[in-house]
Amino acid sequence: MYKEFLAIIFIFIVLFFLLRFLYAHKPETFRIVSLSLVGLTLALNIFYNLKTFFPSFVLDNEAPLGDSKENLFLYKADSSFNCEVVFPVLDGRTVLLDNSDDFYELFINTFSKEASAIDISQTDRDHLAFHISDFDISAKLYIINMMNYAFPRHGEVAIIPSVYVQTQDLKGETTLVAVSDSDLNLYLMSEKYYRSICE
Amino acid sequence: MNFCKKNAAYLMLAASTCVFIISILLNRKYFEALSIRNVGLYQLRQVLSIVCLYLVGYAFMKLIQHRLSNTLVALLAFPSGICLWCFMSQFLLLAEFTYRLWRVLFLIVAFLLLCYGIRRIRKQKLVKYTGSPLKHLCVVLSVALLVSTGFSYIILNYDSYFYFADYGKSLPLLMSYRDIVTDNSFVLTNIGQFLPLVSSYITYWKLDTMLPIHSFMILNLLALYGYGIYLYAKRKAAPKRASYYTALFVVLLGSCTPFFLFTNWILSNSWITFYLFFLFFICFTNTLEEDESTGILGVDTALLVCGYSLAITMLRKDGFVIVCFFFLCLSIRLMKLHSYAKQSLIPALLLAPSTLYLFYYIYYLKNVIYAQTVLAIGNSLINEKHIKLLVLIALMTYAYLFLLRIPMEKLCKEKLPLILTILMLLALGGLCVKNRTRFIDYSDAWVRNLLGTGFGYALLGILLLVVLCLIAKNKYDISSFVVFGFIILILLVYINKDNKESNIDNSGLRAIYQIIPIFYFVCAQKLTSFLKEK
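Listed in order, the protein sequences are those of chains A and B. Every number in the numbering used here is 732 more than the matching position in the first sequence, counting from 1. Every number in the numbering used here is 1203 more than the matching position in the second sequence, counting from 1.
Extracted from the complex, chain B is given alone in its bound form (with noise of 0.2 Å):
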């Protein structure tokens, strides 16, 4: 038993290494019936791809690390380089240099070589290695092994097809912007840029689907929200209880019909449910680890959220929304714990990197290459009124950080969670009655949603965990004001698209989806007071 345990990575890696060799022997006949390539070799590539951006993205967690643990460095390392790859692919293509795989290469490179003359000058060691690398490495290039064997589930529609494999793979061919531009250029006005460019970087690697990255994207997800509960139920309870209550809430969200869904699902939203929670963690937990008058703002926290967010914005048209939507719940935990300045400068000058992209994007669309669109016109980003409306968004949510954000914060305190919700359900209530007849078709739509395919019984398992955590009295706090603030925006956003299709595709229940994991993890964490005290 003790063998095991001291040596759970190397066996965890030949057990994965099997696997993997059993795939290679099942999928030849499949394979080779189509491809001239070797399986195995695909194979081992779909491999390489993903260690290499987690080595990427270490390498950078390393360099920027500040106060965030090894543990979270490890556990962030693999979003992290896949911003990486599509920050400096977009950077190229808006740039108008020719898309190419060196290039993209060297601006990573001096990215890293700049973080790190950074660290130098600030005269700043690197934080020490705890634990193996050796072993460290091994679990990763176990769960890389698992993912690229090709048995995983997936779910590929439509838009997963033609807007994020075929077109993705497209873009190294065609190697910029201006090349594809056209009287209908959907994919640029449309579609966001962000899953694309994951695509071209397995394209980059001779390699037909993203899936392995996208299978890691989830394993990642669930291993960050299975450590944030370890840690809030390690200060109540003994470790192995706490390891129980840990294993319990990931099956718990590993099993809701909704989150295995639409995460196995090839989407923009799911990668959006991805980046939204580790921006959600980054901000509302890391401190858990240390004490709480250190602040929770590091370099490395700042320079993430700057990072998940520039990544939101990038995947879908209402991801800046949702964004501004956080830096509004970021600024009321920064409330506590910086000067009333540095609590206005601080989020809004985290927020101005996705700020500039957006509008700079549309810039480019509208006045460079001139880009057009006659499908979805009304939901394009060039549509003016939808730029208005962007425009409005951000100068609202700036004029709250900087002008209206103090007044509320000393008149509200501690209730400000809850005024601000009320003030979300008063709009919402507006509209509803401004417009009734869709209101009523509104709501039926979200009920035949709720109770139809796709949802299975996972309102059961939601209701029960809500009534659970209702009798644990806690405080109406800025978590629960993160999930139930997040639903009400996107109701506020979908009532004003019309939208009322009763099946699983519809867009404005994708989006609300997105929140399930931040649901689970803070009814996770609420409902610690119930573990039996040390």
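The following block holds chain A by itself, in its conformation from the complex (with noise of 0.2 Å):
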């Protein structure tokens, strides 16, 4: 890394000499040279940035999103931070929330158009869990560890809990209905689909 960081202070040093000579001596070569050069930094610069933001690009030690679409929200399939599905899906829907289920109440009230209880026998979670491999986004649930000055209580989770959101059915459903587990997974699926499962 070194070698390579002198010698291309090296290189610039001789540059700069070589072009103060052709500037004194011979104006139009200098121009030439230095368009010339320029131009060659321009095109590596467009290489290497094709090359490297696109299609996406992610960072040494860390997971972003660098994407040139689909970015109307700010969730992303392919993100480290996917759990932020949970606000477009909520976003303008009336939720039905798990009568048993305190815990996400206030999230779900704060993010949701309306929030309204239901009644989910064990049975119904039962069935909810053999059909586990419908839920077709599964992500860990950062936000609600992270916005501990909204969700104090959320704050003090040891373990993130995951969203799994069922969104083949999701498509012109107005109401959602949200069931929570006992380790504190989310499950969120259109009331349509529930009710296939359920009745």
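Note that these hints are calculated values from the structure, not bench results. There may be inaccurate statements among the hints.
[Stated by the list, open to error] Below, simulated BS3-like cross-link-like pairs (lysine-lysine); rule was C-alpha separation at most 27 Å, straight line:
1. B:1232 x A:808
2. B:1443 x B:1209
3. B:1443 x A:758
4. A:758 x B:1437
5. B:1409 x A:845
6. B:1676 x B:1616
7. B:1265 x B:1328
A quick note: this is a predicted structure, and the numbers were derived from the prediction, not measured.
Using the hints, put the two standalone chains together into the complex.
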């Protein structure tokens, strides 16, 4: 690394004297050489950018999202923070929240259009557990731990729960059902899907 | 050809509308799989959120316009609109009024009426609009449509998600800082409030991401940068040659890897980059279009300096340090143009809002809502050591402006930028000698970072520009001092923070990158001497 760094510095010192000489004695050649060098660095930069940033870019030791499409939401399937999916899913929808679940009550009330309680029996929960493979989005729900300013109780969670979303029947559905299990994992699905499984 | 030139704005709008409609069709499947909302209306709301900010900013700029040209008023409208939103929101939150949309709007309207009233009292007519307002609106609308397609490139990390987007989203729902404060109020004590407030703005529009606003700001910066270079180049060369020169430098900046990376990354650093460039532009180049003897600071410029420096202070914990450095540069710039009394008083007055805001905010956290944090205590705004350091920096800046500056200027005259650079280098050298091990680790991290991922071949381009500037034999003037002094300042700040990470997320590295647009602009300005005369 140091060799490269010193070599670059050395090359530019040589370049400085060379260009200064050309500028003083052959201004036209100086113009051509300097413009070519600028063009070369420009081409190198563009080449590097295309190679590094497109179609997507992941930093050294982090896992952010770099993308040139589908960024109307913060949610992105291949992001480390794909739990952001809960926002577009809850936004503008009415949520029927499992009566026994008071942990997510404030969170869902805050980010959904409206929340009301629904009785969900243990049999229904078992049914849902059986159909877990239908939930095509699963993500660690980092949000609740991070937003401890908004939900202080959530900030105390030692193990980050997961969120599971059933998206196949979500399109056009205005009502969702939210169920959580004993490990505080949250399951979000359309009411239509819930009824089809549990009734 | 003539038809295209004449109707460029309308053609641009037509093309942008086509791209926008195609984007709606393409986004539909992805969008509607998750959201109940209509994708077309969602994207239209994105456009409207941008246009509204622009119009508010434009109204403000027109009301304060004094010496700024109509083009500059148009180019600075959007960042000013964002500032108005954030300042009014922060005022409500700090004054402990419930944070509601109508209250922010009321404050903005009241402020605009106040500006209008002052203008009426001073019997100043509004500066006449030149050009076609319809064409102007078409251009703004076209850019807003393009950035709202969802196709722009973004980079997000942990901070972008949780501290800016999610926290900002929660603010309009929680409506007061008092409801946020807990035993660990990290977002209040360690995060600048400006960017979360921008996020709050889009939450009121029922949108998920502030990305279109971010992309609009990038284009706004590039437009202002190009406009400034064109003005410089036009002084030396024919318009056609000046246009090529401008285009070359816009492409050079746009393709510079760290610039591309860090401006597309939603971080407070990228927003400091925007506002720092706007601040530099209005302070150091606004007289390009007029006679320098009229003086540099019109009412409009003074208000913008106040506003943008306040924005930088609100953006990051170290924002105030950057602002103080900038006022030091501004005072040198003012040296030639005003009387001695004005030279001291004007920068001191303009720095006052940032200073008052910072110390009131710290007082508010410590003594009004009793905020505490368990994370990164050493760096938090409520840390005693940190507060003492900020007080010291503020005192030193005011002491320089009122006491030291006049003798320094008399003594050093034109050499002042060079002497200040040497003093800063000596301070850096002193710190390095004091702790050699830290210096070696620190230098090692810098070399690795400059040649590592994220920098690409940008170093070659930057060094080439430096070489060309040296050949052009320009004086080491105040513009050069802004760039070089800023780099030394960041090195000074971060050597104390023990910043040794060797990766792209290194905060010292991100802070240095904030100067890149100014560096390219200064180079473009200096290299105009190579342009063939008209």
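Verification of the hints:
The suggested pairing of residue 1232 of chain B with residue 808 of chain A holds, with an alpha-carbon distance near 14 Å, which does not exceed 27 Å. The suggested pairing of residue 1443 of chain B with residue 1209 of chain B holds, with an alpha-carbon distance near 17 Å, which does not exceed 27 Å. The suggested pairing of residue 1443 of chain B with residue 758 of chain A holds, with an alpha-carbon distance near 25 Å, which does not exceed 27 Å. Restraint check for residue 758 of chain A and residue 1437 of chain B: the C-alpha separation of about 25 Å stays at or below 27 Å, so the hint holds.
A distance of roughly 11 Å separates the Cα atoms of residue 1409 of chain B and residue 845 of chain A; the hinted pair therefore holds under the 27 Å criterion. Between residue 1676 of chain B and residue 1616 of chain B the CA atoms are separated by roughly 20 Å; this keeps the pair inside 27 Å, and the hint holds. Restraint check for residue 1265 of chain B and residue 1328 of chain B: satisfied, since their Cα atoms lie roughly 10 Å apart, inside the 27 Å limit.
In summary, this structure violates none of the numbered hints.
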